[in-house]
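Sequence order for the protein chains is L and F.
Heads up: the first sequence at position 41 corresponds to 40 in numbering that gives the first Met the number 0, and the numbers run straight through without jumps.
Heads up: the second sequence at position 99 corresponds to 98 in numbering that gives the first Met the number 0, and the numbers run straight through without jumps.
A portion of the hints provided could be inaccurate.
[What the hints assert, rightly or not] List time: in silico SDA-like cross-link candidates among lysine to any residue, alpha-carbon distance up to 20 angstroms:
#, chain 1, residue 1, chain 2, residue 2
1, F, Lys166, F, Arg110
2, L, Lys76, F, Leu131
3, F, Lys123, L, His60
4, F, Lys54, F, Asp118
5, F, Lys123, L, Glu139
6, L, Lys89, F, Met202
7, L, Lys101, L, Lys211
8, F, Lys161, L, Tyr73
9, F, Lys123, F, Leu148
10, F, Lys76, L, Asp64
11, L, Lys25, L, Lys101
12, F, Lys76, L, Glu139
13, L, Lys89, F, Lys123
14, F, Lys29, L, Gly147
15, F, Lys162, F, Phe137
16, F, Lys76, L, Lys205
17, F, Lys162, L, Glu70
[To be verified] Covered stretches of chain F (chain L as the covering partner; in silico rule of three or more C-beta atoms under 8 angstroms from a C-beta of chain L):
#, region
18, 73-83
19, 129-139
Keep in mind the hints are simulated off the structure, nothing from the lab.
Given the structure is predicted, the values throughout are model-derived calculations rather than measurements.
Heads up, the beta-carbon is just placed ideally off N, CA and C, and yes, glycines get one too.
Residues per chain, in single letters:
There are 2 protein chains.
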Amino acid sequence: MTIKGVLFDLDDTLYDSTTFVDRARKEAIKMMIDAGLNATEEEAYNILQRIIKQKGSNYGHHFDDLVKAIEGQYNPKIVTMGIITYHNVKFALLRPYPDTIKTLIELKKMRLKLGVVTDGITVKQWEKLIRLGIADFFDEVVTSEEYGLGKPNIEFYRYALKKMNLKGEEVVYVGDRMDNDIIPASKVGMHTIRILRGKYKDMKGKCKYEVKSLREVVDIVKKLIEEGV
Amino acid sequence: MTIKGVLFDLDDTLYDSTTFVDRARKEAIKMMIDAGLNATEEEAYNILQRIIKQKGSNYGHHFDDLVKAIEGQYNPKIVTMGIITYHNVKFALLRPYPDTIKTLIELKKMRLKLGVVTDGITVKQWEKLIRLGIADFFDEVVTSEEYGLGKPNIEFYRYALKKMNLKGEEVVYVGDRMDNDIIPASKVGMHTIRILRGKYKDMKGKCKYEVKSLREVVDIVKKLIEEGV
């Protein structure tokens, strides 16, 4: 048995999701206030955070709910101003981590199969991969929407292995969260590397391999191959 | 009774919807073929036209259906490439007709209430108004999604009058289609002006006022006010 593939989580593993989404939301709020939203930036931000927590980040109507909460009624002009600004800023800021593309190139030179395992709406996650310029590195991309179940369900990880046509022991998995990434990937037999980045970097738990840069992934994979694990 | 307001249709009345959407679709097809779609541009374009005709232009999954029709299965990478290109090109080309803003300024100088009556998804129509830079001209914007019924239903036109707080006889309506704009607006008592533009410019039917430029709308409104209709 040797390593034949590497699977990556997407958000906060291959690009900075946490700060870029937050900055886009803050700019959107400023523009909504300019358009007439009757709140301070701080008030609106706190209400938005509460809505995101309640409804989840893939809920499609955060700004509608925000405006309803503050204005007492729907205001499509203010909502649309928020949506446009959010997307404009998000796309302006979206970029891979500085070590992402270098790492993917090194792994490709080692003839490894590469894949992405991500929670989210299929077209949205593909949009990120395409806009990040990294879509062509991946042999398979599996999303929770496509499979019908998301992280940390281990069936979702088994589905990813099936699409890669690999066994767990042949795969190295790289992700940022203990609960959603490292624990379930370990359960299906994958070798796991935790990247200490984004809002979950201080999440409790111990992973055998913990790295601060994706570049270290290359060395770990090489070591695992040499050891013939 | 005098003229107190002007209501406008949006698509192909205030901006060129027909050619800009068509160009965006053609560029999207080229990019999808680059990404692996197994068809010629002409084949793909014809299939897409058929899907749009069957499902309507506000159906949200034209590109999904196109890829399924050609490839026999869903391919999120190709679909997403199409969606991104479509939106990028659409926004790059989106602009008001050269006479739109001048006309709106003239009507505002006459202290008239202005509104938009449009079929479509509320946020999408507001997005067009905001990106066109003309949203602030309008006191009211009514969409078929908001009301629950669209053109040519005359209840939709009565709803627009109610939101404007005006009677039919106090309003001039400007639109490009006989069936969806001029006939129903006339039925609720509005004065109607047909703008001969876009893909419906040769549609059969006779409207009292027919114009080739929005600038002529200003003169007609002035004339109606002088006549004290």
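Right, here's what the structure says about each hint:
1. Taken as a hint, the F:Lys166 and F:Arg110 pair is honoured in the structure, with Cα atoms around 17 angstroms apart against an allowance of 20 angstroms.
2. Taking the CA atoms of L:Lys76 and F:Leu131, the gap is about 13 angstroms. The hint holds against a cut of 20 angstroms.
3. Proposed proximity of F:Lys123 and L:His60 is supported: the alpha carbons are some 14 angstroms apart, at most 20 angstroms.
4. The straight-line distance between the Cα atoms of F:Lys54 and F:Asp118 is roughly 15 angstroms, inside the 20 angstroms bound, and the hint therefore holds.
5. Note on F:Lys123 and L:Glu139: the hinted pairing is violated, with a Cα-Cα distance of about 33 angstroms set against a maximum of 20 angstroms.
6. Annotation: proposed proximity of L:Lys89 to F:Met202 is violated, straight-line Cα distance about 43 angstroms (limit 20 angstroms).
7. The suggested pairing of L:Lys101 with L:Lys211 holds, with an alpha-carbon distance near 15 angstroms, which does not exceed 20 angstroms.
8. For the proposed pair F:Lys161 and L:Tyr73, the alpha carbon gap of about 18 angstroms is at most 20 angstroms, so the pair holds.
9. For the hint linking F:Lys123 to F:Leu148, the alpha-carbon distance of about 17 angstroms falls within 20 angstroms, and the restraint holds.
10. A threshold of 20 angstroms between alpha carbons decides the hint, and for F:Lys76 with L:Asp64 the separation of about 31 angstroms lies outside it, so the pair is violated.
11. Proximity of L:Lys25 to L:Lys101 is assessed by CA-CA distance (about 31 angstroms); at most 20 angstroms being required, the pair is judged violated.
12. Annotation: proposed proximity of F:Lys76 to L:Glu139 holds, straight-line Cα distance about 10 angstroms (limit 20 angstroms).
13. Distance check on the hinted pair: L:Lys89 and F:Lys123 sit about 19 angstroms apart at the alpha-carbon level, within 20 angstroms; holds.
14. Distance hint between F:Lys29 and L:Gly147 is unfulfilled; the C-alpha atoms sit about 31 angstroms from each other, more than 20 angstroms.
15. The hinted pair formed by F:Lys162 and F:Phe137 meets the criterion: a straight-line CA distance of about 12 angstroms does not exceed 20 angstroms.
16. Straight-line distance between C-alpha atoms of F:Lys76 and L:Lys205 comes to about 35 angstroms, which puts the hinted pair past the 20 angstroms bound.
17. Under the criterion of a C-alpha separation no larger than 20 angstroms, the hint pairing F:Lys162 with L:Glu70 is consistent with the structure, at around 19 angstroms.
18. Under the rule that three or more residues need a Cβ within less than 8 angstroms of chain L, the assignment of the region 73-83 of chain F holds, with 7 such residues.
19. Counting residues of the region 129-139 of chain F whose C-beta lies closer than 8 angstroms to any C-beta of chain L gives 3; at least three are required, and the coverage claim holds.
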